[in-house]
Amino acid sequence: MTLFRGLSAFPLTPTDAEGHVDTEGLARFLERIQRAGADSIGLLGSTGGYAYLTREERKRAVQAAVECIGGKTPLVVGVGALRTDEAQALARDAKSAGADGLLLAPMSYVPLNEDEVFQHFVAVAEAGELPLCIYNNPSTTRFTFSDALIARLSEVSNIVAVKMPLAANDDYAGELARLRSMTPDTFTIGYSGDWGAADALLAGCDTWYSVAAGLLAVPALALTRAAQSGDAVESTRLNRAFGPLWTLFKHYGSFRVMFVIADYLGLAHVQPPRPILPLPEDAGDDIRQALEKLK
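Just so we're aligned: the sequence shown equals residues 49 to 343 in our numbering.
To be clear, the hints were calculated from the coordinates, so they are not data collected in a lab.
Keep in mind it's a predicted model, so treat the numbers as computed, not measured.
You can take every hint at face value.
Think about it this way: if two alpha-carbon atoms lie no more than 25 Å apart in a straight line, the pair counts; the simulated DSS-like pairs of lysine-lysine are:
1. 341 to 298
2. 107 to 143
3. 298 to 343
4. 120 to 143
5. 107 to 120
Please model the complete structure; the sequences and the hints are all you need to start from.
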């Protein structure tokens with residue numbers, strides 16, 4: 049399975065105040081990622097604000113992305129929803145529009161247990177009929193996948209990958225060895241949390257699911273390739289250049305920071321969906337200084 053390998057870039061989904069997708073702005077983001085040569089595009093992930101969009105707007109975003117990309121870069125689409133039938137419908141929409149793969153997080157209001165999550169994923173994987181990646185994102189969903197649940201899901205038809213949060217105590221090698229011993233050889237294991245990507249890639253993970261690459265794909269790809277080749281010196285140097293940005297991601301939340309970057313780069317002047325508020329002016333100055341380190 050090559051779809052869930054390498055650098056997967058997650059762009060913002062630009063919208064107006066009413067949540068209508070700016071397809072022209074989205075195309076600018078996608079073309080930038082494609083020109084850089086990222087291995088895949090992760091549309092409608094957390095950075096893409098999927099939880100704030102209606103089904104119709106999410107469908108429009110996927111259709112616009114497929115039209116823009118034209119099959120040149122694999123497209124993975126987030127299909128998370130509170131209800132299983134809604135997530136199934138989103139998975140069918142993504143397949144019908146021409147997506148190559150799916151990303152699913154266990155969204156909830158009432159906290160879910162492992163059996164509920166398992167059945168939810170089985171149903172959506174069956175409905176979508178595309179390769180699906182488990183999105184283990186406890187910082188937003190408040191659900192943490194156990195190793196046993198990941199192993200159980202890895203045996204389900206169409207579920208072929210997992211997107212993990214950063215490893216406890218930075219023990220990527222240990223976590224990768226443990227998960228690989230419990231899952232099929234074809235099952236891929238990647239990480240989000242950009243500031244840990246260099247360590248995760250050097251430890252041998254399959255994928256970096258990157259927020260920064262949604263707008264800064266060129267330096268993110270350079271970091272990815274250096275780490276994939278085992279060049280610890282170069283990947284450490286590149287990761288150090290990203291350091292000020294990682295600090296801002298951790299302080300403000302990467303979602304908020306990306307809106308400022310989009311504006312600074314002249315790609316889109318958009319605001320985060322309410323109730324998320326724009327960052328203050330002094331944060332913008334810090335972000336611009338961080339970007340200077342990446343030139």
